[in-house]
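Chains as they are written, first to last, in the working numbering: chain A, 41 to 130; chain B, 41 to 130.
Among the hints, erroneous ones may be present.
[Unchecked claim] Examples of chain B residues lying across from chain A (beta carbon under 10 Å, computed):
#1 K79
#2 A80
#3 I81
#4 V121
#5 I126
[Claimed, not checked] Calculated lysine-lysine pairs in the PhoX-like style (CA-CA distance at most 20 Å, straight line):
#6 K79/A / K79/B
#7 K75/A / K79/B
#8 K52/B / K75/B
#9 K75/B / K130/B
#10 K52/B / K79/A
#11 K52/A / K79/B
#12 K75/A / K52/A
#13 K79/B / K52/B
#14 K75/A / K130/A
#15 K75/B / K79/A
#16 K52/A / K79/A
[Unchecked claim] Derived coverage of chain B by chain A (criterion: at least 3 residues anywhere in the stretch with Cβ under 8 Å from a Cβ of chain A; other residues may be distant):
#17 53-66
#18 98-108
Derived from the structure by calculation, the hints contain no laboratory data.
Given the structure is predicted, the values throughout are model-derived calculations rather than measurements.
From the three backbone atoms N, C-alpha and C, an ideal C-beta is built for every residue, glycine too.
Next come the chains, spelled out residue by residue.
2 protein chains.
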Amino acid sequence: MSEENVVYIGTKPVMNYVLAVVTQMNGGTSEVMLKARGKAISRAVDVAEIVRNRFITEAEIGAIDISTEEVSNREGSNSNVSAIEIQLSK
Amino acid sequence: MSEENVVYIGTKPVMNYVLAVVTQMNGGTSEVMLKARGKAISRAVDVAEIVRNRFITEAEIGAIDISTEEVSNREGSNSNVSAIEIQLSK
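Construct all of the structure, not just a fragment, from the sequences and the given hints.
What follows is the structure, encoded as structure tokens:
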């Protein structure tokens, strides 16, 4: 999957990401990967569900993977954060 | 899967749920299902990752399902909330 098919879910309102996904899929992209870390994980699930239930009803949830990533904070120490990848395809 | 193998993830500290899962799996249960809704979804992912990485390294993440559930709030109106189910087995 090329990098441009990935939507990174952060702290913006959920509909911003829904719009990004819907725009990509309606523009001919058949697969979009949602990626999120930490507290944004629940927002990523919201995005996938809203896209599928309200906007692109033929979209299907593909593989869902969870993992742990190591991140450096401002003080220079490392901590672990959970991550999720949700594949959406139509 | 019987109801007793389900761990519902809520707003308690993440290690409470990790302990519940580890206790079940060390007590002979080979499969535990984590269920969470809304903002607790990211905590459920944390629980699965911590159990697998730190406590029961032979545990594997099985099927991960996401869905939308309708909940009634105190005013009597309904709203939708995302939900996740994460299967852990060893």
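To see whether the hints hold, each was checked on the structure:
The beta carbon of K79/B comes within 5 Å of a beta carbon in chain A, closer than 10 Å, and the hint placing it at the interface holds. The closest approach between the C-beta of A80/B and any C-beta of chain A is roughly 7 Å, which is under the 10 Å cut-off, so the hint is satisfied. Nearest Cβ of chain A to the Cβ of I81/B: about 4 Å, under the 10 Å cut. The hint holds. Checking V121/B against chain A: minimum C-beta separation of about 9 Å stays under 10 Å; hint holds.
With its C-beta approaching chain A no nearer than about 7 Å, I126/B sits inside the 10 Å limit, and its interface hint holds. Note on K79/A and K79/B: the hinted pairing holds, with a Cα-Cα distance of about 8 Å set against a maximum of 20 Å. In summary, the hint linking K75/A to K79/B is supported, as the alpha carbons are separated by about 16 Å, within the 20 Å threshold. For the given pair, K52/B sits about 14 Å from K75/B by alpha-carbon distance, which is consistent with the 20 Å threshold.
For the hint pairing K75/B with K130/B, the CA-to-CA distance comes to about 18 Å; that is within 20 Å, so the pair holds. As the CA atoms of K52/B and K79/A are separated by approximately 15 Å, the hinted pair is consistent with the 20 Å bound. At roughly 15 Å between alpha-carbon atoms, K52/A and K79/B fall within 20 Å of each other, so this suggested pair holds. Under the criterion of a C-alpha separation no larger than 20 Å, the hint pairing K75/A with K52/A is consistent with the structure, at around 14 Å.
Distance restraint check for K79/B and K52/B: the Cα-Cα separation of roughly 12 Å lies within the 20 Å cut-off, and the hinted pair is therefore satisfied. In summary, the hint linking K75/A to K130/A is supported, as the alpha carbons are separated by about 18 Å, within the 20 Å threshold. In summary, the hint linking K75/B to K79/A is supported, as the alpha carbons are separated by about 16 Å, within the 20 Å threshold. Restraint check for K52/A and K79/A: satisfied, since their Cα atoms lie roughly 12 Å apart, inside the 20 Å limit.
Counting residues of the stretch 53-66 of chain B whose beta carbon lies closer than 8 Å to any beta carbon of chain A gives 0, which falls below the threshold of three, so the coverage claim is violated. Coverage of a stretch by a chain is defined here by at least three residues with a beta carbon nearer than 8 Å to that chain's beta carbons; for the stretch 98-108 of chain B and chain A the count is 6, and the condition holds.
Checked against the numbered hints listed earlier, the structure breaks hint 17 alone; every other hint is satisfied.
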